[in-house]
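Now for the letters of each chain:
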Amino acid sequence: MAEVLVLVDHVDGDVRKSTLEALTAAARLGEPAAVFVGAGAQGAAEVLGRHGATTVYAVESPEVAEHLVAPTAEVLAQLVQEHSPAAVLLPSSNDGKEIAARLAIKTSSGLVTDAVDVAPADGGGVQTVQSVFAGSYTVTSVVAQGCPVVTLKPNSVPVEETGGGAATVQAVDAQVSDAAKAARITERKEKAASGRPSLTEAAIVVSGGRGTGGDFAPVEALADSLGAAVGASRAAVDAGWYPHSSQVGQTGVSVSPQLYVAAGISGAIQHRAGMQTSKTIVAVNKDPEAPIFELVDYGVVGDLFTVLPQATEEISRRKG
Amino acid sequence: MNIVVCVKYVPDAQGDRGFEADNTTDREAVDGLLSELDEYAVEEALKLVEAGEGEVTVLTMGPEDAVAAVKKSLQMGAHKGVVVTDEAIAGSDSVATSLVLAEAIKKIGEEAPVDLVLTGLASTDGVMSVVPAMLAERLGLPQVTFASELTVEGSTVRIRRDDETASETIESSLPAVVSVTDQINEPRYPSFKGIMAAKKKPVETWGLADLGVDASQVGLDAAWSRVVEVSARPPRTAGEVVTDEGDGGSKLAEFLASRKFV
Ligand SMILES: Cc1cc2nc3c(=O)[nH]c(=O)nc-3n(C[C@H](O)[C@H](O)[C@H](O)COP(=O)(O)OP(=O)(O)OC[C@H]3O[C@@H](n4cnc5c(N)ncnc54)[C@H](O)[C@@H]3O)c2cc1C
Ligand SMILES: Nc1ncnc2c1ncn2[C@@H]1O[C@H](COP(=O)(O)O)[C@@H](O)[C@H]1O
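Chains X and B supply the protein sequences, listed in that same order. With the numbering used here applied, the first sequence corresponds to residues 1 to 320, in that order. With the numbering used here applied, the second sequence corresponds to residues 1001 to 1262, in that order.
Just chain B, with the same shape it has in the complex (with noise of 0.2 Å):
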């Protein structure tokens, strides 16, 4: 089974997140990592090749850097990478990036059939989880997302989505596009061994040239939407904190009911 897993490259939560000049998300001022929630994703994909057969192949839409989101799966276990790094990127919106992640998984496609394409929940800078939808709607293929439990057989795919209300078992014919929630797995940290194996392994970087997308069609000028106003939130004005000394409870009460919630 081929798997293509689609993982970013995202600003540091724990940093100061902020914005450039032209309103496009600050990748300079924070480091950058492998996306947290896309680690479930590699780790499943490595969980199926291993149970079976077949290859692992990391694809990531980014800045040059973003090599470094690639490199990390490799070290997890992944077989071989792929970053898609381009001027004109810079500032792309979901509907651009789904659009090159989608050329690029049918590039890779062209050299061996893939089965199933991989994704996070969502990406820990955007929080949109709409790329795999688009994805799925762009390349003609099915779309089980939200998995927390994924099972292939022959070439069906079942998972397991939870919500409020229900839990639904969801199956779905191969190849399709999947995304497995933080609830799937526990990632692997690299070993030693993964991580002096990773070096060997074949990245490849394309432009949109390789990819045959204009320049045109992505970045923040091809953006469907437009940032016209950031504004930092004004911090919230520090509140009242009491500490209990036997009438915490009584206070916390007293002042539910002086905002009208009792």
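Next up, chain X with everything else stripped away, as it sits in the complex (with noise of 0.2 Å):
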């Protein structure tokens, strides 16, 4: 069975879940082969491995991992070339389809990003599920030809553990071009951790929006007792209330989590477009009017500051 590439996601070699669904698609397409850049492959070998992956390919370089997106593609290709897989799959990440797509054109091969689902295509290639025009259309597409990338929109593809052992970490000697190195980091700030789950990861999402008048509280505290990260609509992280990276729509982080639960928003289409996918949504407006109860599986129309806490208070109750 030929080798399937997941490109690793880890922040100082954390594996992200995004990668664990990724190696649980790529199952589906072939034998899944993890592909680490940076420090740190041997400790995650065990948790690739247990999600399927019997080898890592592992690029230790400082020059690839300080370098964006560029030398990573490089790298790839490198692989690409060498061990001819039935497919690449990286995460939907900014940098995941940037990198997707320098190695489409480098390898000549067909992209899809944003994927929902994969499969083998009949006659060879691969199957994909995109969902597209802010969650209106499902898309069905085959890619066939060269060595299909496809990025994976996070929350898609539930986890699966196979029962492997660690995975076998190979060192692989990249080669980067000065071209790929034009391009530093210079200075990199991280931004404080807020203790709650990622956006892109959460299973649940409170959302607030221009009706919270920049008072985020009471969604901070519902966020807190479902366990839940936080996010915004644009207008309120236009004004100031909330960092641009919780703002959830086109401009924004795109969310899938299970439960997504929209407070003082009025369900504009940008807002949807980052939402829509959600399994279960959840809204709390005053006006009934609003766009956003056309989406939900329940909604309460109510003034925020009363239901939220209502809510939070009962949630604490029942779990005791």
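None of these hints come from the bench; they were simulated from the model. Just so you know, these numbers come straight off a predicted model, no measurement behind them. Don't take each hint at face value.
[Stated by the list, open to error] Per label pair, the in silico range of CB-to-CB distance:
hint	chain 1	residue 1	chain 2	residue 2	range
1	B	Ala1238	X	Lys286	15 to 23 Å
2	X	His83	B	Ala1197	31 to 39 Å
3	B	Asp1214	X	Glu31	31 to 39 Å
4	X	Asp303	B	Lys1193	45 to 53 Å
5	X	His83	B	Lys1106	47 to 55 Å
6	X	Lys189	B	Ala1197	36 to 44 Å
7	X	Lys189	B	Lys1106	34 to 42 Å
8	B	Lys1260	X	Gly195	22 to 30 Å
9	B	Asp1214	X	Asp224	54 to 62 Å
10	B	Ser1155	X	Pro158	31 to 39 Å
11	B	Lys1260	X	Asp224	13 to 21 Å
12	B	Arg1188	X	Gly320	51 to 59 Å
13	B	Gly1140	X	Gln81	14 to 22 Å
Each residue gets a CB set at the ideal place from its N, CA and C atoms; glycine is no exception.
From the two separate chains plus the hints, produce the assembled complex.
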């Protein structure tokens, strides 16, 4: 069975959930093999193996890690050349999509971004499913050209453990061109950790909008009672109430959690673009005509300043 | 400094977007316009040349009507426009789009070297954010994307880029391909003077032959990925909406518990 390369997304060696999802998806197409760029491959071999990877191609070179997407694309192109995998899967992060884009051009391969599902296509190649136009259409595509490159939307594929042992780490000697090193990160300021789950990975997201009037306390309290991440509409971000990195929507983050709670958010098309694929949608809004109610599984017409605290209290009580 | 801004003509997101029989985006049913996200790139280009010198050329690839996106940019203050249009390009994917745009940028550069290629964050119809990276790959240029701040000093471009975990400063030599986010500026509205002036600004229309691109390399038939099925998502079955009568929060908690979220 041909290998399927999965680019590992990790923070200082900690493998992110999106990678485990990609490994699970990769197993449907062939034999998953992880590509780990940066320090910490050995430490990650266990968790990668447990989720189906037999091999970890480790690229330790700091040159690759410090220079954004171009060198990683070169490394992947080199691996594609050497191993002729059946496909390459990457997470649908900003970097993931750009690496995928460059890899597709380098290897003359078809590219699909933001897939929510993959399967082998009849007659070769990969069949993908995407959700487009703010989630109003589902599109099935076939990529057969070259070595199909697919980026996967986080939270789309349930993670499965395969019970495999630690993957074998194989060091890769990466050749990075000077051109790929022209853009470099000169400074990096980590943001203070919120203590909450990451927005793209969270199973539950509670978002606040203009309706909060700038007071996110009830939104945060509900989020914490549910173990959720906190998101915001653009109106809330533009008003300076919440950081842009928390913005959900077309020009913010796209989320696909099990549960999305929108509080004081009207449900503009650009906001919907980033949350419409959520499995269960709940809204609290004063205005019964708010478009967000067209999407909900459950909605409460009411003031978020009374509804959210009451819900939070009840949830805490039930949790004991 | 000579800047090329890539702008896309897209169906209005407020309209009822859909697909044609051949599974390509239906570009007839809905009015088109300059992609809102590309206005930020036009604005940033104008600010850069206003602070120094140089020219802003706007470039679009699309149907004949796409000239509207170029006109709007010229009204904002860009100096000249190029529209690449050809029957063969209908249905082009990002791979083909980036090929045509890259060849057009090379041709624009024959007149005067291009120092900076600016793009939007993503097209509001496709939302892939891959064309800028593909352009960089094809042009052999450094790629500096998702800029929420941008400065140019001499032949160095420096941007700020934010994500969930960090705020980064990224530097590159020019020429480079830079994409900007909607955080970078507030795009101007065309002034009356701008609208009048735009009428006299040069707009060139090129076909594939002008770029030495073969029709077989673009369009639906050349696409490296092929849409085989499109289905409208079943409208979400209307959920339950209750009006808060003092117990809305408890009811909400009850719903969440019934779905095993508590
Ligand atoms: C190019 C472009 C990109 C964009 N990208 C994004 C994006 O990524 N994400 C995004 O979110 N938006 C985006 N927008 C903006 C989008 O169009 C809307 O303007 C925005 O989503 C509105 O935010 P909101 O729902 O919080 O505010 P509003 O539309 O003002 O809605 C506020 C809601 O709160 C309700 N409310 C008020 N007080 C209370 C209360 N006490 N209790 C309960 N409810 C209350 C009101 O009834 C109202 O429905 C974009 C726009 C453009 C043009
Ligand atoms: N047909 C096109 N003509 C000109 N520019 C384009 C075109 N398609 C994409 N772009 C540019 O590439 C950016 C990202 O597009 P995309 O990768 O499609 O999301 C857009 O914001 C535009 O600046």
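Hints and how they fare:
A hinted range of 15 to 23 Å holds for the C-beta pair Ala1238(B) and Lys286(X), which are about 20 Å apart. Checking the proposed 31 to 39 Å range against His83(X) and Ala1197(B) shows it is violated: the Cβ atoms sit about 57 Å from each other. Checking the proposed 31 to 39 Å range against Asp1214(B) and Glu31(X) shows it holds: the Cβ atoms sit about 38 Å from each other. Between Asp303(X) and Lys1193(B) the beta carbon distance is about 48 Å. The supplied range of 45 to 53 Å therefore holds.
Between His83(X) and Lys1106(B) the Cβ separation comes to about 33 Å, which falls outside the hinted range of 47 to 55 Å. Distance hint check for Lys189(X) and Ala1197(B): the Cβ-Cβ separation is about 42 Å, which falls inside the suggested range of 36 to 44 Å. For Lys189(X) and Lys1106(B), the Cβ-Cβ distance of about 37 Å falls inside the hinted range of 34 to 42 Å, so the restraint holds. Under the hint 22 to 30 Å, the C-beta atoms of Lys1260(B) and Gly195(X), about 24 Å apart, fit the expected range.
Separation of Asp1214(B) from Asp224(X) is about 59 Å and conforms to the stated range, judged on CB atoms against 54 to 62 Å. For the hinted restraint 31 to 39 Å between Ser1155(B) and Pro158(X), the CB-CB distance of approximately 49 Å leaves it violated. Distance hint check for Lys1260(B) and Asp224(X): the Cβ-Cβ separation is about 19 Å, which falls inside the suggested range of 13 to 21 Å. Roughly 57 Å separates the CB atoms of Arg1188(B) and Gly320(X), a value that falls within the hinted 51 to 59 Å.
Distance hint check for Gly1140(B) and Gln81(X): the Cβ-Cβ separation is about 19 Å, which falls inside the suggested range of 14 to 22 Å.
Of the hints listed earlier, those the structure fails to meet are numbers 2, 5 and 10, in rising order.
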